[in-house]
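Residue numbers (our numbering), protein chains in the order written: chain F, 1 to 95; chain D, 96 to 585; chain S, 586 to 1062.
Treat each hint with caution, since some may be false.
Said to hold, decoys possible - Which residues of chain S face chain F? A partial, calculated answer using Cβ under 10 Å:
| no. | residue |
| --- | --- |
| 1 | PHE607 |
| 2 | TYR856 |
| 3 | PHE857 |
| 4 | PRO858 |
Since the hints were derived computationally from the structure, they do not count as laboratory data. All figures in this text were calculated on a predicted structure; none of them were measured in a lab. Backbone N, C-alpha and C define an ideal beta-carbon position, used for all residues, glycine too.
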Amino acid sequence: MKITDEMIDYIGILARLKLEDEEKESAKNEMEKIINYMDTLNQLDTTGIEAMSHAFPVKNVFREDVVMPSTDREIITSNAPNSKDGCFVVPRTFE
Amino acid sequence: MELSKMTALEIGRMIKAKELGVVEATKAALENIEKTDKHYNAFVTVCHDEALKQAEEVQKKIDDGTLTSPLAGVPMAVKDNMCTKGILTTCSSKILTGFKPTYTATAVKKLEDAGAVILGKLNMDEFAMGSTTETSYHGATINPWAENRVPGGSSGGSAVAVAADMAYYTLGSDTGGSIRQPCAFCGITGIKPTYGSVSRYGLIAYASSLDQIGPMGKNAEDVAAALSIISGHDPKDSTSVSNDPMKIVLNSDIKGKKIGIPRDYFGKGLDGDVKTAVLAAAEKLRALGAEVEEFDMPSLEYAIPAYYIIACAEASSNLSRFDGVKYGYATPKFEDLTDLYYKSRSEGFGTEVKRRILIGAFVLSSGYYDAYYKKALQVKAVIKQSFDKAFEKYDVILSPTAPTTALKMGENLSDPLKMYLGDIYTVSVNLAGLPSMVVPCGFDKEGLPIGLQLIGKPFAENELLNFGYAYQHATDYHTKKPVLKTGKEA
Amino acid sequence: MEFLTTLGLEVHCELSTKTKIFCSCSTEFGGEPNTHVCEVCTGMPGTLPVLNKQVVEYAIRAGLATNCEITQYNKFDRKNYFYPDLPKAYQVSQLYLPICQNGHIDIEVNGVKKAIRIKEIHMEEDAGKLIHDEWDDVTMVDYNRCGVPLLEIVSEPDFSSGEEVIAYLTKLRSILQFIGVSDCKMEQGSLRADVNLSVRPVGQTELGTRTEMKNINSFKAIARAIEGERERQIDTILAGGKVVQETRRWDDNKGESYAMRSKENAQDYRYFPEPDLVPIEISDEWIERVKNELPELPEAKRARYIEEYKLPEYDVDIITGSKFLVDIFEKALEVCGEPKEVSNWIMGEVLRMATETATDVDDISFDAANLGKLINLVKKKVINRGTAKEVFEKMFTDNVDPESYVKENGLEMMNDDGAVLAIVKSVIENNPKAVGEFKGGSQKVKGFLVGQCMKQLKGKADPATVNQLITEELEKI
């Protein structure tokens, strides 16, 4: 499969990554090689095999509905590049 | 013998017998790091003051009988992708500049509760994506065994800290071989436990369904002691199995145990010296009473593409939270929200990380999901079945850890696919969730260490470690040390 | 040209569990920003989710109450997108295996019965809130609501009118309240509805292009939005234009909608199974237990009230339309055993006081057992209805106990017939003109005479008794 500029741009939007032009060229080439390598999976017949997310059949892991103390908001925002009045701050968003 | 050259358990015994104080041991370790690490760059952060304070408190608790663990008081260090409260945690990435978590990873906390003293945080490939520690934002870590060689990755710092005697043992993480391959390249011992047996809470995620934390040290006993402490169910990690912490008791008797060697692992592409050493190790185990046999394990060549699809997909999602808003690096100039996101992420992440995020977004995207991600999960099931079948006959599977010994620095990042292929022996283990350990088993013509990989049955860490223990009883490769640049003799 | 309308609904319902879906922070509404948060629900690095069992329990209840099949093996998936109110940049939801499927809710509009099919119900986590700061021209992010458990209830596009939508929402809300999984307060955002709407000319089988309107926060506004959007789409088509598939926001004040500034061209959510959570397996026993523990649902209750208590349909509809009114009804009934009385009091004084004090039915706080006591007091002729109404007002606002209040304030009716008779006789004696009018044929003047007696008795007598005595005495004349 060929990786085009449009594809890189599209994936970049999905991932919020913008590559500089030289970066983009090399990314395209590398990705093409890697993704074509990934296509080798098609050689393995997996009909009837269930897609396996977890290696071991753990299930029904639950927690009781009991309130525990929350974290102080000064602590929660302590690592934020931009915070005010206990909130995280971002540029103005519009609907 | 010099303090720094001793094993973790030896230090632990001395502390218990009051022959050595915790503060004394910690001070010595910190001085040693100061002298040594400038040559190797294994540490991102050295917790000088915190470690000494911690040492004092641990000494008190040992004195009043609260702390009785065999590793109480022993100074160690932690890979920089495990959160440590109040201590810089960067994943060797620019995007986590300045990040000081307000909580500690469960595995680390368990060690601290047992009396470990944390010397510092260790260098790694950025976000654990890499096999050489060269993608780190803080610069590469140097392999102490030779000029200009990588220590492996992504837990390169964790391996070098042990190999260069700067920490008595360390914690690393392994998603596709990141504990085992650096152990092999640096001539030390390490284990990636069964998936779910060590809590991932506080481990900054790369690939959630594959990541595991594991100990790295100077021998099987040290590694076993650390694993006994960090393992066990954690209610904060839904994927952690509901087992008690392991109580590992090592036994060097492996008579009658069956060892399987996959024929397909020994084909083209495997370095001659590595092959010789690994097969010699198999012979050694046979001499100790085990039955050793070759067998066919199909589907191995699909492990790498399946691994990279799954790992990149999960990573692309796990790393979306880094956006310049809640923590870490934010781009200094931005016009609006979109600008903030794009710039912070594009400037904050390194090339390899960006590459894997893009691949991950691609394989999950509409139209490609079935062909790539879903297919990879099916292949994962097939690989697990392969191992299950093998373990019906064998108790342990033996193989090389990497196709070569430590690679030269600066040659690896230009051909990522070639670098990915170096993971051939390790990734299938993560896909199947199995435990796997590495012990040193020789040196190549240039004196670079070679590591033997042993893969065990799920949750059979004790049995697996017994093999490593038995091997180390009968050999001394694990006791060999590199000549350090500080001028000291091995 | 005549047009047909097709509508579908996606309803988000905040569950009334004590803690969030994946962490133990409180779900309490309100609170200063970021005071109900922890490292898990704010997406700090290395943190992991752990599922609240009560959320699963409530989801099963909701599924059973809406005739759904429970998906016995179900799991969570990640929905990936970037927005500041989503700290992990993905929402944990259920795409591939939602917990409930293939249900239905029966509605009736203008005498026509219809089943609205429910495609699925799934569990997911809520996002945070964005607060726009005009002063600094920035947006502040509050994660209190992040991680609050939601059920998303997706209908098939079975609606053909706004009335049907409102009937469905009314019923769905009352079901959810009845089974105790949510307080469904639209003003607080614990119930939100997204409306999908398309129109097509009569005769065309293919559905038209649909638009989506999100987060309209009252039933009345939904009805107006549906009407407005329907007209807009029809106007567009009649003018020769094409309806664009887009998300629109309804401005209820202006009475019109506008296209939302698109957050993102690419809405490719890249769903994949959540690796940090394990699958849920719901046993037959679990389902059976939830089924047995389900409280009586509104439909069944309505039928029973009509059948067993012989209450009028109109009253029953109002009462069973709200869990809170039902609670008042049943609690009061337990105390006094008079269903018709209780029903009348609710339809009368309770709702009147609620309107007068601008109290939401959900927020009525007086102890309903006291209403039962009050009814008993009237039944036993301790007080008359007039007095009872006064006492009720105090009960409503101050939650006074009627028995103590009556005693303390000496409001008991005079039950001494002798004393009453004396007053009756004296009133007749002192009002010869009125008596004369009565003898002349005026019945109306009897009321005046009763009124005079009641005044003398300070209202503390049974009007019926007074009336009877007046009648008897007048007869004697």
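Now for the hints, and whether the structure bears them out:
Interface restraint check for S/PHE607: the shortest CB-CB distance to chain F comes to about 8 Å, inside 10 Å, so the restraint holds. Among the interface hints, the one on S/TYR856 is violated; its C-beta lies about 13 Å from the nearest C-beta in chain F, farther than the 10 Å criterion. For S/PHE857, the suggested interface contact is upheld, since its CB lies about 9 Å from the closest CB of chain F, less than 10 Å. Below 10 Å, beta-carbon pairs count as interface contacts, and S/PRO858 has one with chain F at about 5 Å; its hint therefore holds.
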